[in-house]
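Asker: The residues making up each chain are set out below.
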Amino acid sequence: MAHAAVMQPPPKREVGADVYNEKLGMWVFLGSEVMFFTALIGSYIILRFGNPDAWTAPGAILNIPITAVNTFLLICSSMTMVKAFAAAQDGDQQRLKLYLVATVLIGATFVGVQAYEYTQLVHHGFVPSGYLVGGELAERAAAGELPASVGIYGSTFYTMTGFHGFHVTMGVLCMIFVTWKAFRGKYTATDHRGVEVIGLYWHFVDLVWIILFTIVYLI
Amino acid sequence: MATAAVPLDEATHAGSHEISFIRKYIFSTDHKIIGIQFMLMSLIFLLVGGILAAMIRWQLGFPNTSMPGGGILPETMAPGGILLPEFYNSLVTMHGTIMVFFAIMPLLVGVYGNYLIPLKLGAPDMAFPRLNMASFWVAVPAGILMMAGFFVEGGHAAAGWTVYAPLSADPEWTGVSTGQQLWLLSLAVLGLSSILGATNYITTVVNMRAPGMTWFRMPLSIWALFVTSILVLLAIPILSGAAIMLFFDQTIGTHFFDALDGGQPLLWQHLFWYFGHPEVYILILPAMGFVSDIIANASRKPIFGYHSMVYAIIAIGFLGWVVWGHHMFQSGMNPTLGTTFMISTLFIAVPSAIKTFNWMGTMWRGNIRFHVPMLHATAFVAMFVIGGLSGVFMASNTFDIYIHDTYFIVAHIHYVLFGGSLFAIFGAITFWYPKMFGRMMNPFWGKVHFVLTFIFFNLAFFPMHSLGVAGHMRRIYDPTQYEFLQPLQPVNTFISISVFLLVLSQLPFALNFILSWFNGAKAPDNPWDDNGLEWSVPSPPPHGNFKETPTVYRGAYEFSSPLVEEDFLPQNKKLDSDPEPAQAAGH
Amino acid sequence: MTEAAQHKRPNYMGIWVGLAALTLVELGVAFLPWSKQVIILLLVGLAVWKALMVALYFMHLRFEGNRMRIFAIAPLPLTVIIVIAVLTEYVW
Amino acid sequence: MSWILPPSASSFAERIDFIYYLILVITGIAFVVVEAGLIWFMIKYRARPGRKAQYTHGNAKAEVIWTAVPAVTVVVIGVLSGAVWKDVKGRNSVPPNAITYGVTAQQFEWHFAYAGPDAQLGTADDFSVRNQLHVPVNRPVELRMSSEDVIHSFFVNAFRVKQDIVPGMETVVWFEATETGDFQIACAELCGLGHYRMGATVTVHSQEDYGRWLDEQMTTTALR
Ligand code: HEA
Ligand code: HEA
Ligand code: CUA
Ligand SMILES: [Cu+2]
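Protein chains in written order, with my numbering: chain H, 3 to 221; chain B, 2 to 588; chain Z, 35 to 126; chain G, 11 to 234.
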């Protein structure tokens, strides 16, 4: 207790991990996120093995240039995030705020671009159930340019990228909260747990996208 | 910040403020209140699950006769009190679902994970009290969603608690659409609650142990809850992911489990059981932990082979991940894979044997006090062994050909889940009731409840083995349809009558539980002469738990130690021979 | 927090450039006229490399204690077990 | 209440039943040891005034024994069942001289397809019978099964055969009936509201009867 501590330091609590609670908690939570994406990505791998013909060559349906730009954006946001953390460590409030705002903005842009990508895909006739009946892609498939059915391709594509987008959205919301706290000067050089913890989440979501971009768009 | 301890001590002080009723009892962040909230919720669900079971048994024991009181059910469920087959399927599905996800799992993990972890580890609260509150208030809407399914058009989910696709994926096959979707949503939401809870428990166990509470001084109940939390953390998201995919198959036309368009029905089974088998260990490990604590306490002896008990828990937790295929031996899965899964499954008998015999070793040369918790704990060992041994029959892929999807499985389920988990829960409730509510439960009615439950449980479920051996399939609405099952009908009727008596036998428990809350004898701090830290604080403990962070000098099972006069030696009692634990580096 | 501050700060900008460059390489590899297997192998390798960079430097795993690292990688075997086991359905 | 398996009528049933009785004996012993031990300890070591429990933390030797014995036992169970499994359900376990039938399951009935006069399944002269499977005795029978809608499971109690039928897959199972007569086929996997009545019969004929039945069917099909 604080009073007793004046005379003698209190006995040490047993510490199992050499990190503070919030950080440990976030890592633990990320463990469950790994398993969640395992369910989605694992299913994708298995389904694709079982039915390789439902997939097209990279770029045939999906828009690679725009997602490549989006990938770059997310990498940038990870960089700004880690810069924000470095600024917090240095107690540099100005740069902390700057980088956090940048992260929020880039993250939101990522979600926006993804929304745009989705509308374009739907417009061309690619939906979670496969081709949209009567859509442009369905006609090309009828003409033999594309696989006859991409039902399972659409299912996995939208579910995986959609849930990733959902995670980014959640991350942006939390990041706005952290930014707000930063503007109120809550993070000091000695205690900036919030920044580090949200950073871990953010980088994790970036990491998932790195995997997704490769296996969904490029393979 | 120099050490992790600073914010904790701050939390201790928060307790001294006056807080409003709502903050104190409804949106409380106190782990003890949250534990009690989980308890009330899950006991209500236990009751619901029990009533559904009684309806199932009515139909099986007295097929196509009007169920007493069945007249109040709407035409779509039971016209004239006679259950419809589609309603029967919903009953079975919802019985399994509610019992597993909304009764036993929250009772074990939600209630005791919350209540015991901080208290037994000497922490003022969970690592993240607000997250803890969120975890309960996320579970409530999940429960509401689940119950809502009974009232929607088309009826509730009817594809079994295992919701095998494609039966569950397309309303065309069962006529159920909204019900199944609510079911999936509810489990996804409940999953979030469980994951938040598990995150909290793991962090608390790793980082918030009192000074001197080293890993190998932790009580086995905490070890079990810790390993269970890891299983929850890693298994539940698989279910959430799978449930979401199935939900999309139902709603937005994806094809994950639809064989006609590139999907794979077996993928559902793999995902479900990859979650599902760890899940069944989630349902037994905490029970094993509680039973270990209770048996050592009642026998007045240190737990036999503490270290091997810990390793056995870890081994079961680990092996639980590599056996899921034993539910799929006859599913058309690769037969070579089947043999691999058989071997890994059989090996779970080894850590289970260690646990069983170590419990017996604990009783050996003890001085056993048969208080009500101990009665339930002994019943746990006796019944879990039956369930575990019946598991060995089906672990043999060869013999599983014959008993897969028969009542042998149903007998197994109930011996491990009722005979195992639920007996342990009864034991845990009576053991920690004084701490939770500050009152003792009535021991006489406790014994009456125990004896009746034990007898009727066995009369109800033991004969199910013989039904299974005779080839009686599970999940069938009317067994008299098959000639080869007709001679077994008297057994079914016998089981049903035993079940009705079993359900009635729960009455003394329910009354005892409710009445003791108001009228029970005042509980002393340490009614069972136990060593755990929770018994060193008042019953019920104040907000913040410990006036001063306790220091731990030994493991939790130092009963009948020659060092002291009395036959127990609390973990935080300092003897002259005990060295002080290391000091913090100072602030 | 103190743990992270003790080590020398990695060159975040350098990592960022590396990640962007690897992404460009991936885009190039994906459209090479090589056999599908080789391309997949290369792409997966590159993705793992990038993921490792993020985990080790941005998420500071490189600088954490061993216990933390064990926590972080503990679930990974489980992600592989299910996929491998189910894939054997096609391989056998 | 009985622990005896019902009478069997297929070639591998005895081997499966042996596994059952083997496990029954092993688990029976374990059961008696545990339950008798529990009861004995409960009586012998019940609390009595003035007694103190023995203060001991365990016994490594005892623990090794009760770890090793079950470990060895389960290996034995595993090896013995694995051998039977390989012959009953393993890849390529269908005997070469088996007659092949097609089975189509749907909510809530069975269709059994028989090779027509050309003795080849999958040709135009096949004929199919609803809810009736006719097979000769003492001759391996191969069923190639598929489902029209959801998962069903082909189960014949007396033959100790059970195999799920998954839409989108062809699952194969075989058996060799050793006795003539009618046996019941049941669906063992929940498949909807009619699951409980998705039964059919398998009739095992003597070789001559089977030939006669087949001829009859072919002439009626030809007439149709
Ligand atoms: C709390 C829950 C729980 C627990 C602990 C277990 C424990 C075990 N279960 Fe069970 N199981 C379920 C819950 C549980 N199960 C449920 C709910 C289902 C049905 C799901 C559904 O389809 O709806 C199921 C189904 C199920 C199946 C699938 C059957 C089928 O559908 O065809 C199998 C097959 O292998 C199995 C095996 C086992 C084994 C080997 C153990 C082992 O862990 C048991 C180990 C214990 C012992 C063996 C006893 C103690 C040991 C000794 C006394 C030593 C001596 C022993 C020997 C030498 C053998 N279980
Ligand atoms: C945790 C698990 C659990 C529990 C406790 C039970 C308990 C019971 N079960 Fe259940 N059962 C399952 C899990 C469980 N079951 C599962 C997973 C399935 C498979 C489902 C499927 O196939 O999909 C199943 C299937 C199943 C079937 C097979 C149906 C079929 O295949 O057609 C049957 C049939 O008899 C049955 C019967 C019973 C009975 C009679 C009880 C009785 O023990 C019930 C006794 C009554 C109670 C336990 C209620 C007591 C209430 C209290 C003590 C509360 C006190 C209250 C307050 C203080 C407020 N169950
Ligand atoms: Cu077909 Cu059950
Ligand atoms: Cu299992």
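Derived by calculation from the structure, the hints in this document are not laboratory data.
All C-beta atoms, glycine included, are put in the ideal place defined by N, C-alpha and C.
There may be inaccurate statements among the hints.
[Unchecked claim] Derived Cβ-Cβ restraints for the label pairs, each shown as a range:
no., chain 1, residue 1, chain 2, residue 2, range
1, G, V79, B, W216, 25 to 33 Å
2, H, Q96, Z, V82, 51 to 59 Å
3, B, I253, H, L175, 21 to 29 Å
4, H, E138, G, D225, 30 to 38 Å
5, G, A57, B, L41, 32 to 40 Å
6, B, E173, H, E138, 41 to 49 Å
7, B, F445, H, L175, 35 to 43 Å
[Unchecked claim] Straight-line distance between alpha carbons at most 27 Å, and here's what the computed DSSO-like set of lysine-lysine pairs gives:
no., chain 1, residue 1, chain 2, residue 2
8, B, K574, H, K183
9, B, K448, G, K54
10, G, K62, B, K574
11, B, K448, H, K14
12, B, K574, H, K99
13, B, K575, G, K62
14, Z, K42, H, K85
15, G, K71, G, K54
16, B, K448, G, K62
Asker: Any hints from earlier that this structure breaks? Give me their numbers in increasing order, please.
Answerer: 2, 4, 6, 7, 8, 11, 12
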